[in-house]
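Visitor: Line by line, the protein sequences are chains A and B.
All residue numbers for the first sequence refer to our numbering, where the first residue is 1 and numbers rise by one.
All residue numbers for the second sequence refer to our numbering, where the first residue is 1 and numbers rise by one.
Treat the hints as calculated values from the structure; they're not laboratory data.
Wrong hints could be hidden among the right ones.
[Claimed, not checked] Calculated lysine-lysine pairs in the PhoX-like style (CA-CA distance at most 20 Å, straight line): (1) Lys170(A) x Lys12(B); (2) Lys149(A) x Lys12(B); (3) Lys149(A) x Lys170(A).
Just so you know, these numbers come straight off a predicted model, no measurement behind them.
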Amino acid sequence: MTKTPSSSFDILASLSPASSGAPRLNGADSRVSGIISLREVSKTYDLGEVRVEALKGLSLEITGGQFVAIMGASGSGKSTMLNILGCLDRPSSGVYLLDGVDVSTFSAAQRADIRNQKIGFIFQSFNLLARTTVWENIEAPMLYGGVPKPERAKRIEEALKVVGIPEKAKALPNQLSGGQQQRVAVARALVNRPAILLADEPTGNLDSATSEEIMRFLQHLNRQKQITLVMVTHEHDIAAYASRIIHMKDGRILSDEVNEEMKRDA
Amino acid sequence: MSFWVIVRISLKALSRNKIRSVLTMLGIIIGVGAVIAMVSVGQGAQRQVQEEIAAMGTNTLMVWTGSMRSMGVRGGTGTMNTLTAEDFEAMVYECPAVKAVSPSASTMGQVVFGDQNWSTRVEGYNEQLPALRNWNIVQGSFFDESHVKTAARVAVLGQTVVNQLFGGSDPVGQTIRIKNLPFRVLGVLDKKGFNAWGRDQDDTIMVPYTTVQKKFQGGVLYVQSGMVGAASARATYAAQEQITALLRQRHRLGPFQDDDFTVRNLSEIAETAEATNRIMTTLLASIAAVSLLVGGIGIMNIMLVAVSERTREIGIRMAIGARPGHVRVQFLSESIVLCVCGGILGLALGVGGSVGISQFLGWPTLISPNSIVISIIFSGAIGIFFGYYPAHKAAGLDPIEALRYE
Ligand SMILES: Nc1ncnc2c1ncn2[C@@H]1O[C@H](COP(=O)(O)OP(=O)(O)O)[C@@H](O)[C@H]1O
Ligand SMILES: [Mg+2]
Chain A
1 MTKTPSSSFD
11 ILASLSPASS
21 GAPRLNGADS
31 RVSGIISLRE
41 VSKTYDLGEV
51 RVEALKGLSL
61 EITGGQFVAI
71 MGASGSGKST
81 MLNILGCLDR
91 PSSGVYLLDG
101 VDVSTFSAAQ
111 RADIRNQKIG
121 FIFQSFNLLA
131 RTTVWENIEA
141 PMLYGGVPKP
151 ERAKRIEEAL
161 KVVGIPEKAK
171 ALPNQLSGGQ
181 QQRVAVARAL
191 VNRPAILLAD
201 EPTGNLDSAT
211 SEEIMRFLQH
221 LNRQKQITLV
231 MVTHEHDIAA
241 YASRIIHMKD
251 GRILSDEVNE
261 EMKRDA
Chain B
1 MSFWVIVRIS
11 LKALSRNKIR
21 SVLTMLGIII
31 GVGAVIAMVS
41 VGQGAQRQVQ
51 EEIAAMGTNT
61 LMVWTGSMRS
71 MGVRGGTGTM
81 NTLTAEDFEA
91 MVYECPAVKA
101 VSPSASTMGQ
111 VVFGDQNWST
121 RVEGYNEQLP
131 ALRNWNIVQG
141 SFFDESHVKT
151 AARVAVLGQT
161 VVNQLFGGSD
171 PVGQTIRIKN
181 LPFRVLGVLD
191 KKGFNAWGRD
201 QDDTIMVPYT
211 TVQKKFQGGV
221 LYVQSGMVGA
231 ASARATYAAQ
241 EQITALLRQR
251 HRLGPFQDDD
261 FTVRNLSEIA
271 ETAEATNRIM
281 TTLLASIAAV
291 SLLVGGIGIM
301 NIMLVAVSER
311 TREIGIRMAI
321 GARPGHVRVQ
331 FLSESIVLCV
341 CGGILGLALG
351 VGGSVGISQF
361 LGWPTLISPN
371 SIVISIIFSG
381 AIGIFFGYYP
391 AHKAAGLDPI
401 EALRYE
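Could you put together the complete structure from these sequences and hints?
Guide: Rendered as structure tokens:
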């Protein structure tokens, strides 16, 4: 793949802690965090007459800083698991320990705080706030997190640079391409310096060139910042960027292996 | 997350939908405007009553024939013809607290001068009236005791009557015809303006009460009502007691018989007028409040629509860390902002309406700081009351369902 000068994420290298004293998005990389532990987790949807068992006693350990791809047929429970990992949903039974804390019993407000502080989401459909500028979209998590204004401005500018669209701060989402929108979503996911990044088919709505760019960036981020990255995908090309690949079927883990042919950024 | 940050989010959301926001506010604007305007009419009338009473002097009392229990259930005043001119004369001699009295007798009638004619009130009093009512003569003079004794056909005119009959020319010494009888004009009364009930006080002719009795009431001897001046404001209640005792004695009423007359001091009359006014004001305000209620229901309706339209936004906000409480406050503050802005605009409308009412209808209006503060607080309360359910619904959404919403 050829790199155009305007292309994206190369600037990250200059911002990474290894190369210079430039500002870093994730300042907490010395801390051991982003450790995920699911124990016998089940999720059952009760639809009156039918009960759908989306997860059937699933156990899983992910150490801090890992890059895990979740694969499997449609309906195998990938999104359900990711939603539980992201504290958007609660298991029907079983325990979810996040950095050693049992969050499966947390209240809605407590889970909101966990999502705000520890987790960044990237969705297939971007999920930016409509009719809200890029700047305000990236600012939103910090508003809920109580970050003071000057610090917010600093972090937004950094994040925009890191994802390579500093000139789009005042743009509205519908004025951006899919790739640009996903970059805004990534910037928003990173701005509160989460330990875990969860992505549900992040490249599902992107063309292959843009998908590759995004994947290289996510991989880079995972390496540089030691952010735990869990990504759902059904494309082998995309899963290839991960260091560990889990296959799911009918709410269970079918296979769980190290990705020996991991794609690497050249 | 600070409260003001959430309010800013709400303001942004509202400004994205300006036309809808304004239409939503319209109910509140009209409701608050109506309440403010109606209350200003009521309070204006009330203040005028107070001012008039103060101008007339707090030492004035009124006496009517017939008894009147507090709410007027009993017979009503003026239904029995028990008072006489002698009763009034006796008050001056027998009651130390009474300084001056004037019986009164009035009628309506056609007044003619040259080719001009005018229909007005013809009020009969004795010569004490200018002192009793604090009402001066600006031209000529009032009639005197001898005019009253002889039931002379002399008249003193109010300014409105002068304008209607004489235009610019001097009426003193001219002869006018009241109900076809000739009267000599003695003088002109000072301008008084409208009273609290919207009556033009200058649209009147004053003649000796004896003349009214003899010429217009077929020679009756009884007096329906009269005015009494107490020696001082503090003597008013003493005067009331003394008059009551005197009249009971003169009318030979036994201890178990009710009064066949009514004595009221002006502050009591003012209270009655105020009570009437309050009822009117409350009635008008409650009709206006119904439109405010309808406005509130409109707010709730729009907020419910907004919540379901913005389900996805709510899901996104929850995913990035908004607590249910944040979402609740966001939507609640949207409806409060709508209502308070509507309240402020409604206030402007109400003030404008009240100015219009006093200019075009000539009614006195008064906007008190109280009604401004209350209307703003009240519209905020409506925002909370009608915004709570939609906000609660938004806060209770499941993040995953909300994110999946198309
Ligand atoms: N909210 C829900 N209500 C009922 N059933 C659901 C719900 N969400 C998911 N399911 C069911 O759970 C199973 C797993 O769904 P999901 O986790 O979305 O699968 P995947 O993401 O692997 O395609 C499917 O059978 C799906 O129909
Ligand atoms: Mg899915």
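Visitor: Hint by hint, note whether the structure agrees.
Guide: Outcome of the hint check:
For a cut-off of 20 Å, the pair hint linking Lys170(A) to Lys12(B) stands: about 15 Å separates their Cα positions. The straight-line distance between the Cα atoms of Lys149(A) and Lys12(B) is roughly 18 Å, inside the 20 Å bound, and the hint therefore holds. Straight-line distance between C-alpha atoms of Lys149(A) and Lys170(A) comes to about 17 Å, which keeps the hinted pair within the 20 Å bound.
Against the hints set out earlier in the document, no violation occurs for any number.
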